[in-house]
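Q: Next come the chains, spelled out residue by residue.
2 protein chains.
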Amino acid sequence: MTKLEVVFLGTSSATPTRNRSLPAIAIRREGQVILMDCGEGAQGSFVRFGLGLNKEMLILITHLHGDHVNGLLGLLQTMSMSQRVRSLTLIAPPELFGWLKATMEVFHIGLTFDIGLVPVRSGVVHRGKDFRVRAARANHSVDAWSFVFEELPRPGVFDPNKARSLGVPEGKKWSSLQRGRSVVVAGARIRPGQVLGPERQGRSIGYSGDTRPTKRLARFFSGVELLIFDSTFAARDAKKAVERKHSTSTEAARLAREAGAKRLVLTHFSARYKRTDGLLRESRKIFPDTVAARDGLILDVPAVQ
Amino acid sequence: MTKLEVVFLGTSSATPTRNRSLPAIAIRREGQVILMDCGEGAQGSFVRFGLGLNKEMLILITHLHGDHVNGLLGLLQTMSMSQRVRSLTLIAPPELFGWLKATMEVFHIGLTFDIGLVPVRSGVVHRGKDFRVRAARANHSVDAWSFVFEELPRPGVFDPNKARSLGVPEGKKWSSLQRGRSVVVAGARIRPGQVLGPERQGRSIGYSGDTRPTKRLARFFSGVELLIFDSTFAARDAKKAVERKHSTSTEAARLAREAGAKRLVLTHFSARYKRTDGLLRESRKIFPDTVAARDGLILDVPAVQ
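The listed protein sequences derive, respectively, from chains A and B.
For the first sequence, our numbering gives the first residue as 404, with consecutive numbering after it.
For the second sequence, our numbering gives the first residue as 404, with consecutive numbering after it.
For reference, chain A alone in the conformation it holds in the complex (with noise of 0.2 Å):
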C-alpha cells in the first residue's frame, strides 16, 4: 500500500503567528507531492520537511487572497535554482495565471520547468495515473473552491488457489487478472471477478479552503478519510465568521459529522487564539475524530477499512 501522507506547513489565518505560517498543505504520496495553497514561507518549509523540489507536482490554490499565494513565487524560483526539469501542474482561479506571467517579466524570472495551467472549475480538474482531484465551489468573500484528492480504487485481493482450480496457468493470465481484465483458458472467458476480492477503495482527503460550512461542501466532502476544514474562529466569534466567511471548530465538527468523514483536521486559526485546544474542545463534542492541525504535523493516511 502506498504511503500517504498529509504535511502541515502552515496552519495560519491571514496573520502568521510566532508558531504558525500561512497556510500551506501538502500531500506526500510516494514520488508525489500535492500542495494545497502556498503561503508565504511555503518553500521553506518544503525544503524543511523534505518534499522535495523536483518530484511530480500538483499546486492546488483554493483563492486569489495574498496569503494563500504569496510563497508560490518563491517556490518556483527555489524550484529553478535547483534545476528542476519536471513539468508542474498549477490548479487555480485563472485571473492567477496573467498575474504570474507579468510577475516573471516584472521579476526577472525564469522558469526552468514548464507549468501547465488548469483553470480550477467544478467537477474533476486532473486525472493521475491512479488518483484524480475534484473541486467544488466554497462560499468565502471571494471566488473561492474546495478540492478533493481521491486515489481510484484498486483491484481486489488476487487468490492463486481459485485461479489454478481454474485451471489458469501462472503467468501472464494471473497478471492480467490482477489489473482486472478477463482471460480465456481452453475456450472458457475467466473473469476477473472469480479470482479476486472485493474491490479496494482508495483513499480519499478533502481540503475546503477558505469558507462558509455549506450543504454542497457537505455533499462534496461525503465520506473522506480526512476532511481538513476552515476553522478560523471559535464557537464564541461565531459572528465574526460569518462577517468574513469563514467557518467556527463547531461549524467543522457540524460539517465532518453530516458529509460522514472518518476524520477532522482544523486549521486555518485566526491569530487571536494563542492556544486552540479551546477550538479542539469544541470540535470535539461534536465530531470526537477531530485533530487540530499545527506547523509540521505530519498526519499518515491509513488503508480504507
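Please keep in mind that the hints were generated in silico from the structure rather than gathered at the bench.
On a predicted model such as this, the values are computed, not experimentally measured, just so you know.
Please note: incorrect hints may appear among the correct ones.
All copies of an identical chain are treated as equivalent in the list; a pair is satisfied when it fits inside any one copy or across any two copies.
For lysine-lysine, the following DSBU-like pairs were computed, each having C-alpha atoms within a straight-line distance of at most 35 Å [stated by the list, open to error]: (1) Lys-532 / Lys-504; (2) Lys-406 / Lys-677; (3) Lys-618 / Lys-575; (4) Lys-642 / Lys-504; (5) Lys-642 / Lys-458; (6) Lys-643 / Lys-406; (7) Lys-618 / Lys-565; (8) Lys-504 / Lys-677; (9) Lys-458 / Lys-643; (10) Lys-576 / Lys-648; (11) Lys-576 / Lys-665; (12) Lys-575 / Lys-677; (13) Lys-642 / Lys-406; (14) Lys-643 / Lys-575; (15) Lys-458 / Lys-575; (16) Lys-688 / Lys-532; (17) Lys-648 / Lys-565; (18) Lys-575 / Lys-648; (19) Lys-565 / Lys-642; (20) Lys-458 / Lys-565; (21) Lys-504 / Lys-648; (22) Lys-565 / Lys-643.
Model the placement of chain B on the given structure of chain A, informed by the hints.
A: Below, chain B alone, put in the same frame as chain A:
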C-alpha cells in the same frame, strides 16, 4: 544621541537555507524603520524583532529580483491587518509600482494606509527631518541600486559660559543659538559659531544590494560608518561572482578599504557556504573591521568620533 541600529532579518542570497532567510535589512531609529529589501518572510522577522508595524517607515528596494521583493505583499497586508494608518514611502525601480497595483487587484488586497511611491534615481531620494537617503547605480544583471542612509549634521555642543560672557540672556536666545541661528543682543549680532563647539557629524550606513564592486560605489560609500556589502561568494569562486554580477568577500573588503568605510558587514551569502567563517577571514585580511551578518544580528552604530 538617538539610538541607531541595523537589524539583519535575512542574510541569504537567492535561495534560503536552514539558518539564512532571504534578503531584508532594517535600520531601526527612534520611532523609525528603514527597511532595505524585503525578501520572503520579512514580515515574520519584522514581528519577531519588534520592529513595529505602525512606525514611520521607508522601504528601499535595490532591484527587482523576486528574492529581494517577495516579502513585500505579505508585509503590507499584515500592516493593514494591524490597522496601520500612517502612510509609508516606497523607493524602488518604478516597474514595481505598476506590478504592485495590479497585484493588489488580483489578490483583493485593500490597504488601510497610503504608500508614497518614489522611483529610485541617482542622488537624494528621500529627505527626512534629520536624515536623508541617497541612491547610486549598482552593477548587477538587472537595473540595480545602492543606498546610503545618512543623518544630517547637528550643531555643536552649546557652551553656556561663552553665551553668558557675550551677554546673551538665558531663554529664547539660547535656544536659537543652540539650533544654529544667530541672535541680536544689544544691537550686536552673535553667531552660533561663537557659542557652539564644532558641528557634530551624523552617522551613515551604506547598503550595496546585489552588485559587482565598482569605482562609482567606492566613491558613493565614501567614509560611511557601516558598509553592508554583497559578499555572495568566497574568493575561490570569483569567476562565479563575475558571471552572476555579485561580489566576493575579498572584493567587498577592498571596496570598503577604498571607500574609507569604518566598518564592513558581509551579507547575501550563497547557500553553498554552510558557514561564513571562511569568507569573514578572507575579508579581515584586507579590512580587519569586518563582521559577517547572520539572521537576527543587531549592530549598534555608535556616534561618530
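Q: Hints first: check each against the structure and report whether it holds.
A: Against the structure, the hints come out as follows:
| no. | hint | verdict |
| --- | --- | --- |
| 1 | Lys-532 / Lys-504 | within (29 Å within a copy, 41 Å between copies) |
| 2 | Lys-406 / Lys-677 | both (33 Å within a copy, 33 Å between copies) |
| 3 | Lys-618 / Lys-575 | neither (48 Å within a copy, 75 Å between copies) |
| 4 | Lys-642 / Lys-504 | between (39 Å within a copy, 32 Å between copies) |
| 5 | Lys-642 / Lys-458 | between (42 Å within a copy, 32 Å between copies) |
| 6 | Lys-643 / Lys-406 | neither (39 Å within a copy, 42 Å between copies) |
| 7 | Lys-618 / Lys-565 | neither (46 Å within a copy, 85 Å between copies) |
| 8 | Lys-504 / Lys-677 | between (38 Å within a copy, 34 Å between copies) |
| 9 | Lys-458 / Lys-643 | between (40 Å within a copy, 28 Å between copies) |
| 10 | Lys-576 / Lys-648 | neither (56 Å within a copy, 63 Å between copies) |
| 11 | Lys-576 / Lys-665 | neither (38 Å within a copy, 81 Å between copies) |
| 12 | Lys-575 / Lys-677 | neither (60 Å within a copy, 53 Å between copies) |
| 13 | Lys-642 / Lys-406 | neither (40 Å within a copy, 45 Å between copies) |
| 14 | Lys-643 / Lys-575 | neither (62 Å within a copy, 56 Å between copies) |
| 15 | Lys-458 / Lys-575 | within (32 Å within a copy, 74 Å between copies) |
| 16 | Lys-688 / Lys-532 | neither (39 Å within a copy, 59 Å between copies) |
| 17 | Lys-648 / Lys-565 | neither (56 Å within a copy, 70 Å between copies) |
| 18 | Lys-575 / Lys-648 | neither (56 Å within a copy, 60 Å between copies) |
| 19 | Lys-565 / Lys-642 | neither (61 Å within a copy, 69 Å between copies) |
| 20 | Lys-458 / Lys-565 | neither (40 Å within a copy, 77 Å between copies) |
| 21 | Lys-504 / Lys-648 | both (30 Å within a copy, 25 Å between copies) |
| 22 | Lys-565 / Lys-643 | neither (61 Å within a copy, 66 Å between copies) |
The structure fails to meet hints 3, 6, 7, 10, 11, 12, 13, 14, 16, 17, 18, 19, 20 and 22 from the earlier list, while all remaining hints are met.
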